[in-house]
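Undergrad: Chains as they are written, first to last, in full-length UniProt numbering: chain A, 1 to 333; chain B, 1 to 333.
Treat the hints as calculated values from the structure; they're not laboratory data.
Treat the hints with care, since some could be wrong.
[To be verified] With a straight-line cut-off of 30 Å between C-alpha atoms, the simulated DSS-like cross-links for lysine-lysine are: (1) A:Lys227 / A:Lys182; (2) A:Lys10 / A:Lys301; (3) B:Lys10 / B:Lys332; (4) B:Lys113 / B:Lys299; (5) B:Lys237 / B:Lys182; (6) A:Lys237 / B:Lys227; (7) B:Lys113 / B:Lys3; (8) B:Lys301 / B:Lys182; (9) B:Lys237 / A:Lys227; (10) A:Lys227 / B:Lys227; (11) A:Lys237 / B:Lys113; (12) A:Lys182 / A:Lys301.
[Unchecked claim] Far from chain B, some chain A residues (derived; all Cβ distances over 12 Å): (13) Gln19; (14) Glu40; (15) Asp56; (16) Leu87; (17) Ala108; (18) Pro116; (19) Ala146; (20) Glu222; (21) Glu230; (22) Asn255; (23) Arg276; (24) Asn296; (25) Ala326.
Built from N, CA and C at the ideal position, the CB exists for glycine as well.
Protein chains: 2
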Amino acid sequence: MSKNRMAVIKQRPLDVPSQDDFAVVAAPMPTPEPGQVLLETVYVSVDPYVRVAIDDRTTTLFGAAQPLDTPLMGKTISRVVESRSELFHPGEHVMALSGWQKFAVADAESLQKLDPDVAPLSWWLGVLGTTGFAAYVGTTQVAPPAAGQTYVVTSAAGATGSIAGQIAGQRGARVIGIAGAKEKCDYVVNDLGFAGCVSHHAEDLVAALAEQCPDGVDHSFENVGGKPLEAVLELIKPGGIVALCGVIGSYNQANRTPGPNLWPLVRIGASIRGFRLPDYQHVREQFIHDMLGWLNAGKIKHREEVMTGIECAGEAYNRLMTSNSAGKIVVKL
Amino acid sequence: MSKNRMAVIKQRPLDVPSQDDFAVVAAPMPTPEPGQVLLETVYVSVDPYVRVAIDDRTTTLFGAAQPLDTPLMGKTISRVVESRSELFHPGEHVMALSGWQKFAVADAESLQKLDPDVAPLSWWLGVLGTTGFAAYVGTTQVAPPAAGQTYVVTSAAGATGSIAGQIAGQRGARVIGIAGAKEKCDYVVNDLGFAGCVSHHAEDLVAALAEQCPDGVDHSFENVGGKPLEAVLELIKPGGIVALCGVIGSYNQANRTPGPNLWPLVRIGASIRGFRLPDYQHVREQFIHDMLGWLNAGKIKHREEVMTGIECAGEAYNRLMTSNSAGKIVVKL
Numbered sequence: 001m002s003k004n005r006m007a008v009i010k011q012r013p014l015d016v017p018s019q020d021d022f023a024v025v026a027a028p029m030p031t032p033e034p035g036q037v038l039l040e041t042v043y044v045s046v047d048p049y050v051r052v053a054i055d056d057r058t059t060t061l062f063g064a065a066q067p068l069d070t071p072l073m074g075k076t077i078s079r080v081v082e083s084r085s086e087l088f089h090p091g092e093h094v095m096a097l098s099g100w101q102k103f104a105v106a107d108a109e110s111l112q113k114l115d116p117d118v119a120p121l122s123w124w125l126g127v128l129g130t131t132g133f134a135a136y137v138g139t140t141q142v143a144p145p146a147a148g149q150t151y152v153v154t155s156a157a158g159a160t161g162s163i164a165g166q167i168a169g170q171r172g173a174r175v176i177g178i179a180g181a182k183e184k185c186d187y188v189v190n191d192l193g194f195a196g197c198v199s200h201h202a203e204d205l206v207a208a209l210a211e212q213c214p215d216g217v218d219h220s221f222e223n224v225g226g227k228p229l230e231a232v233l234e235l236i237k238p239g240g241i242v243a244l245c246g247v248i249g250s251y252n253q254a255n256r257t258p259g260p261n262l263w264p265l266v267r268i269g270a271s272i273r274g275f276r277l278p279d280y281q282h283v284r285e286q287f288i289h290d291m292l293g294w295l296n297a298g299k300i301k302h303r304e305e306v307m308t309g310i311e312c313a314g315e316a317y318n319r320l321m322t323s324n325s326a327g328k329i330v331v332k333l
Numbered sequence: 001m002s003k004n005r006m007a008v009i010k011q012r013p014l015d016v017p018s019q020d021d022f023a024v025v026a027a028p029m030p031t032p033e034p035g036q037v038l039l040e041t042v043y044v045s046v047d048p049y050v051r052v053a054i055d056d057r058t059t060t061l062f063g064a065a066q067p068l069d070t071p072l073m074g075k076t077i078s079r080v081v082e083s084r085s086e087l088f089h090p091g092e093h094v095m096a097l098s099g100w101q102k103f104a105v106a107d108a109e110s111l112q113k114l115d116p117d118v119a120p121l122s123w124w125l126g127v128l129g130t131t132g133f134a135a136y137v138g139t140t141q142v143a144p145p146a147a148g149q150t151y152v153v154t155s156a157a158g159a160t161g162s163i164a165g166q167i168a169g170q171r172g173a174r175v176i177g178i179a180g181a182k183e184k185c186d187y188v189v190n191d192l193g194f195a196g197c198v199s200h201h202a203e204d205l206v207a208a209l210a211e212q213c214p215d216g217v218d219h220s221f222e223n224v225g226g227k228p229l230e231a232v233l234e235l236i237k238p239g240g241i242v243a244l245c246g247v248i249g250s251y252n253q254a255n256r257t258p259g260p261n262l263w264p265l266v267r268i269g270a271s272i273r274g275f276r277l278p279d280y281q282h283v284r285e286q287f288i289h290d291m292l293g294w295l296n297a298g299k300i301k302h303r304e305e306v307m308t309g310i311e312c313a314g315e316a317y318n319r320l321m322t323s324n325s326a327g328k329i330v331v332k333l
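Model the full structure from these sequences, guided by the hints.
TA: See the structure below:
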C-alpha cells in the first residue's frame, strides 16, 4: 500500500468551505523522471485565491475551476526525498506548488531552494511568501504612501493587512486600521504600532473613520470589499489610490455581491487599482531583502497559525474565510 | 419692472428632474461694480454634474447642495452688455458661470473671451467645452490607448462618449461602442467611424461585447456605470484602465446603486480611475488646439441639440438624464 495521501475536492463549496467539501484519499506514490525530484510536503499554505480557484460559478484566476477529485492546490514547503537532478540533493528544502498531497514530483527547474538558516521554513508561505509579497506590492508599488500621509488598511489584523499596515508605517505613513473585534483593533494598535483602528461594527463607520483621519485618506490597502471600502471611498483625497489586493468578502458567493457605488472616485478624482503578483516579479528579490531586514530588526511582526494534518483542509479554509484565524494559516502535513 | 428673469430650483427632484422642479421668476437687474461686467446670457449648458449639485441626499462635487430658490447653475456663453473693466467691451462674448439667468454680473478676471470667428459660440459649451474636454482628458491622460488597442466607450452616442470614441480613434485605437437603441449604434458606426457597437439591451451583453472584442478590452471610457461597465470589466486585459468620467446611472437616486463587483480588477490586474477636470487644466490649451484641428479637418463630428427659452430647464434636464438627447444639449435663452 502506497504511503501517499492527498486531500481532494469532493464537492464544490456553495458558501464558506466546510470539512464535507474535501476528502482524504490514498494515492499512488509518484516516481520522478530525469530532471525531476520527489518531494515530501512539510507545510501547505492556506490562501484566499484557492477559494476562488475551486469555484465553478464565477471567473477564476486560472480559467476553469480546479476539477473535482484532484488534490487541493496550494503552495508548499517541501523536502527533497529523491533527486534526479543536479540542482537538488535529498534533505534540501524547496518552495513548491505540490498542494495537499503528502508526496509529489516536480521539475527541478520549477523549484526554489530554501535555506533553513535564513528564516523558519514556514515563513516562506507567509510573511516571506505570497502573503507578505502582496502586502509589499500594494504598499510600495500600487499605492505607495509618502511620509506623513494617512494610510488606511482594512482587514487590518489579517495575515496580509497586518503586514501591509506595518510596511506603510515603515515608509512613514500614519496608518489607520479597520478590523472587526475589539481585540483585533487592540492588537494592531498596541502590538503592531498602527496609529489607530476602527471597528467595522461601528454604527457610523464613516464618522468613526473620519475621526481617525481628520485630513482624509491618502491611500489605502484593501483585501475584502464591502462596507469598509465604501467608508474609505467617502474619505479618500484627490489622487488617492485604493490598492485592491482581493475582495475576499465575495469569494464564497455564487452571484458576487455588488461593489461600492463609484461616484466618490469621480467626485474627488481617485482610483481603485487591482493588482496580481505575477506582474510584480521584478520586485520580488527586493521584497525578500527588505522584509528579511525588517524582520531581523524586529520592525515587522507577524503571526502564524499552524494547523496539523492533511485531514484539516475543510477546517483550515473555513477559518480563513470566516476571518477567525490569528494570522497566516499554514498546515503541517 | 426688471427685464431680468431666472430659472430657480423650486423643489429638489427625487428622481429624473421634471418641469415641476423648476420655476422661472423675475429678478432684480444686477449692477456691475468696478472690475465687473454685466452679461446677457446667450446659451446655458446642460450637464450631468448639475443634477448632482442640486441633490442634498448625497455628497456633491461642491459640498452642500445648491440652495432652493437660487438660479440653477450652469456654464454659459454670454454677451457683454456693460463693462466696468478694461478687459472687455460691450458686444464681446465670454464663457461664464452665470447659470440660468438672463442677466448677471461677473468679475472680469473670471471670464474667458471667445472669438466668434474661431468656432460657433455654442460649441464652447460642448465639443470645445466641458463635454469635449472630459472626453479628451479621459482618452489622452487617464486611459490613453496605443495604436491598435481595443477601446470601449459606453454611452457611445452620448455627447461625451461620442467624442471620446473619436479621439481614441484618432490615436489609432479600434473603438467599440456600447449604446442603447439600434439607431444610436448605427450612428456611431456609420457616422462616427467606430469599428463596432453593441446594444446594452443585448440578452448576453458580455458575449455580444466579446464578439466585437475578440482580444479583450485594453482600456475604456465610462460615463454611466451599471451593466455596460460590468461587461467591460469581464473582458478587460491586464493593465487595463477604465477612465471613469461619471456614473450618470446613479445621479437620480437617493441611495446610489451599488457598483460592479471588483473581483475582475484583482483577477486581471486592472484599474478604475475617476477623474475631474480641474486637475487637468494644464492640458486645456493643448485640448483646444487639438480639438480645433480635428474639427477643422472634419476628423471629429459632434451633434448639438439647441433648446429655446429659460422655461425649459426641467425638460432639458429630463432629456439629459433619460439619454433622450441627440448630442450635447444647450439652451438658448
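Undergrad: The structure should be examined with respect to each hint, and the outcome stated for every one.
TA: Checked hints:
{"no.": "1", "hint": "A:Lys227 / A:Lys182", "result": "holds (18 Å)"}
{"no.": "2", "hint": "A:Lys10 / A:Lys301", "result": "violated (37 Å)"}
{"no.": "3", "hint": "B:Lys10 / B:Lys332", "result": "holds (21 Å)"}
{"no.": "4", "hint": "B:Lys113 / B:Lys299", "result": "holds (26 Å)"}
{"no.": "5", "hint": "B:Lys237 / B:Lys182", "result": "holds (28 Å)"}
{"no.": "6", "hint": "A:Lys237 / B:Lys227", "result": "holds (27 Å)"}
{"no.": "7", "hint": "B:Lys113 / B:Lys3", "result": "holds (25 Å)"}
{"no.": "8", "hint": "B:Lys301 / B:Lys182", "result": "holds (19 Å)"}
{"no.": "9", "hint": "B:Lys237 / A:Lys227", "result": "holds (27 Å)"}
{"no.": "10", "hint": "A:Lys227 / B:Lys227", "result": "holds (21 Å)"}
{"no.": "11", "hint": "A:Lys237 / B:Lys113", "result": "violated (33 Å)"}
{"no.": "12", "hint": "A:Lys182 / A:Lys301", "result": "holds (19 Å)"}
{"no.": "13", "hint": "Gln19", "result": "holds (26 Å)"}
{"no.": "14", "hint": "Glu40", "result": "holds (33 Å)"}
{"no.": "15", "hint": "Asp56", "result": "holds (15 Å)"}
{"no.": "16", "hint": "Leu87", "result": "holds (31 Å)"}
{"no.": "17", "hint": "Ala108", "result": "holds (29 Å)"}
{"no.": "18", "hint": "Pro116", "result": "holds (33 Å)"}
{"no.": "19", "hint": "Ala146", "result": "holds (18 Å)"}
{"no.": "20", "hint": "Glu222", "result": "violated (9 Å)"}
{"no.": "21", "hint": "Glu230", "result": "violated (9 Å)"}
{"no.": "22", "hint": "Asn255", "result": "violated (9 Å)"}
{"no.": "23", "hint": "Arg276", "result": "violated (4 Å)"}
{"no.": "24", "hint": "Asn296", "result": "holds (31 Å)"}
{"no.": "25", "hint": "Ala326", "result": "holds (25 Å)"}
Figure legend: structure checked against the earlier numbered hints; hints not met, in rising order: 2, 11, 20, 21, 22 and 23.
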